[in-house]
Amino acid sequence: MSGRPPSTWSATWRVAQKELRSGLRDRQTAIYTVVLPLFLYPALFWCTIQGFLFLEGRREHTAVTVGVAAEAPGLEPAGLSAALEGRARPADPPPDLARVTVVPLGTGVAPGEAGEWMRAGRALRPDALLHLSDPRGAGAEEPARLYYDSTESASNLARERLEPRLDAFAETLREEAATARGRDPRELVPFETDERNVAREVDMGAYVLSFLLPILLVLMSVMGAFFPAVDVTAGERERGTAETTMLLPVPRLAIHQGKIVAVCCSSLIATTLNLLALGLSAGHLLNMLALGSEVRIELPLAALISVAPLALLFSFAVSAVLTGIAALAQSFKEGQALLGPVQLVFIVPAMAAAIPGLDLTPGTALVPVVNVALAFRTMIRGEALPLEYALTALSLLLFAVVSIAVSVRVLSREAVQTGGEGVWPTRVLALIFSPGSSR
Amino acid sequence: MPTPPTDPSPAPAAAKAPAIEARGLTKTFSDPRRGEVRALVGLDLECHFGEIYGLLGPNGAGKTTTLRILATILAPSAGTARVAGADVAREPLEVRRRIGFLSTGTGLYPRLTARETLRYFGGLHGIEPEALEARIEELIDTFDLRQIADGRCESFSTGQRQRVSIARAVLHDPPVLILDEPTTGLDVLASSAMIAFVESRRQAGTCVLFSTHTLSEAERLCDRIGVIDRGTLLAAGTYEELSARTGREWLDEIFLALVEQAGVDGRDGREEARA
Chain A
1 MSGRPPSTWS
11 ATWRVAQKEL
21 RSGLRDRQTA
31 IYTVVLPLFL
41 YPALFWCTIQ
51 GFLFLEGRRE
61 HTAVTVGVAA
71 EAPGLEPAGL
81 SAALEGRARP
91 ADPPPDLARV
101 TVVPLGTGVA
111 PGEAGEWMRA
121 GRALRPDALL
131 HLSDPRGAGA
141 EEPARLYYDS
151 TESASNLARE
161 RLEPRLDAFA
171 ETLREEAATA
181 RGRDPRELVP
191 FETDERNVAR
201 EVDMGAYVLS
211 FLLPILLVLM
221 SVMGAFFPAV
231 DVTAGERERG
241 TAETTMLLPV
251 PRLAIHQGKI
261 VAVCCSSLIA
271 TTLNLLALGL
281 SAGHLLNMLA
291 LGSEVRIELP
301 LAALISVAPL
311 ALLFSFAVSA
321 VLTGIAALAQ
331 SFKEGQALLG
341 PVQLVFIVPA
351 MAAAIPGLDL
361 TPGTALVPVV
371 NVALAFRTMI
381 RGEALPLEYA
391 LTALSLLLFA
401 VVSIAVSVRV
411 LSREAVQTGG
421 EGVWPTRVLA
431 LIFSPGSSR
Chain B
440 MPTPPTDPSP
450 APAAAKAPAI
460 EARGLTKTFS
470 DPRRGEVRAL
480 VGLDLECHFG
490 EIYGLLGPNG
500 AGKTTTLRIL
510 ATILAPSAGT
520 ARVAGADVAR
530 EPLEVRRRIG
540 FLSTGTGLYP
550 RLTARETLRY
560 FGGLHGIEPE
570 ALEARIEELI
580 DTFDLRQIAD
590 GRCESFSTGQ
600 RQRVSIARAV
610 LHDPPVLILD
620 EPTTGLDVLA
630 SSAMIAFVES
640 RRQAGTCVLF
650 STHTLSEAER
660 LCDRIGVIDR
670 GTLLAAGTYE
680 ELSARTGREW
690 LDEIFLALVE
700 QAGVDGRDGR
710 EEARA
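Chains as they are written, first to last, in the numbering used here: chain A, 1 to 439; chain B, 440 to 714.
Hints are computed from structural coordinates only; laboratory data are not their basis.
All C-beta atoms in this analysis are idealised placements derived from N, C-alpha and C, irrespective of residue type, glycine included.
Please note that the accuracy of each hint is not assured.
Said to hold, decoys possible - Here are the in silico distance ranges between beta carbons for each label pair:
{"id": "1", "chain 1": "A", "residue 1": "Leu44", "chain 2": "B", "residue 2": "Pro549", "range": "31 to 39 Å"}
{"id": "2", "chain 1": "B", "residue 1": "Thr623", "chain 2": "A", "residue 2": "Gln343", "range": "34 to 42 Å"}
{"id": "3", "chain 1": "A", "residue 1": "Gln343", "chain 2": "B", "residue 2": "Gly463", "range": "41 to 49 Å"}
{"id": "4", "chain 1": "B", "residue 1": "Glu569", "chain 2": "A", "residue 2": "Leu387", "range": "48 to 56 Å"}
Given only the sequences and the hints, what does the whole structure look like? Please build it.
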């Protein structure tokens, strides 16, 4: 009845199709491969931003108090309280947001006393204290000193609000003094520095994304491969179908390769769906976050397309490593426990993409995981580094080939295929010392 | 259970040669805790086409290890074995193409449907798509799977699983069937259906090698019986031959006599060696 047997590659693909179909019918695998990348991570991202906006809103609505104490009477300039409270004129009502309430603390307060006041934490202590020194007094270095407690958020918030208002008030006083003396106020500032950001809004957006997306790419590749890797190995053993698979009338190489291909497909599906979902939502969400600033988020389509071959090679390597290691487990639960720490081996180096100063060079391009994160970061920023990209691809290809070869070797071992009693370190020993391998 | 249609063409390669031939089959496992475990010790076995051969032995005797080596799941540590003309060590793929394997666990992929399971195995056996679909329909009718053909195997009863498993095992009409305790755990109906199926293969010219520790099953089905204990084949022959050799009438008595005799011989051998 048998006809011409399929080639190893054809058999590999048939096995992969079956494993993929079977895997996606498993609720847990389907959730981690399709549902989470598509909905949960963008939803979490959205929640994080909403939480950030909420906290920012609460911050804006938080009122702080500043005590004003003077060393001697008559030191407080007119309009200081209004300026500290953010009122343009003394008659204006205080603003609804970023409110500061001024509490007069009296005069005759020495500078040391003011500092002590803040440190002592009295019941009526304001969030910050502005001390006005007598310029004629001994040891006076500056006319005003702002005291705050850096260990308290309200005190930090008071400082953040008061500093620009004090600067603006000082500027106003300077201008008024110059005008009263018939001088041009600009003469009082002989050298002024002005900062200008020459980056375009889109470039700024790409810069922000270049720190976020490479980590997500690696994270999703690993997360997408995690459950399928356990499912096709330890899961199969737990379901009692490992023997059936070993009896398939195809070379064992095709079976092991097929499993790795299926895991890789799941990983790629998860990565693609996640990047797609994030890409569609991130622009809107991040723009919400950066509203009013000089950042515009746009989906880096060219970078996503460019990184696809590298992502494919990386997924193959990840899938091979996870599948090979998961094969040492006897049950699904043990497989999950085993792969938990292994995930970190991939995820932690991916953080390299967020390290300032670490760039894609011919050297870093040879380091697997780090290179794919840095290459993606560089691509998002629109930099063309053909040599480094080629070296990255070469390094990942080598990593994938070695990982697949080692994984297939592990999967082929009779001790792994037939399992055995005991915890997995015992099986690793058995694996190392067991003779020969199944065919 | 209805008799499955069979391919009338003769078994491959050597129809006159034994369907299964094992010589000095040995299997040792390295266990980090127990050290070296000898599951088979120079086992010899010979089964023929059109013959039902029962491998009888207590738990841990080496029955499953023997069948697993013959099915190429395990590699022998020493000795040789040929199945349907193919060497298990040198041509394992060819062996897998020529056998059908069944065990109590059925080993069906739970998330595939019965039809998908048959299609998957048929495809890997290289059966052309049109011929495969026709064969699947034929097996669905033969094994009364119409109602469950498109249901996932995980939802089937034990009996239904066993029927799908048999359909899968005979899909490519193999000349050799290896059955590892096929009736263990089955209810009376499913068990008798399995026995009927095994009997039907004799007429088809198939060699059926099956392991069991159910003596009545072996007595009823087997043309020849091999008694295995501690990894060694103690005796093999027809029921009558074994009865004559041990002087016992019932199979359970024959079995016990052979096992006891082996124990005595083993002790004597060890004492002689010490002397």
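Inset, instruction - Sort out which numbered hints this structure fails and list those numbers smallest first. - result: none
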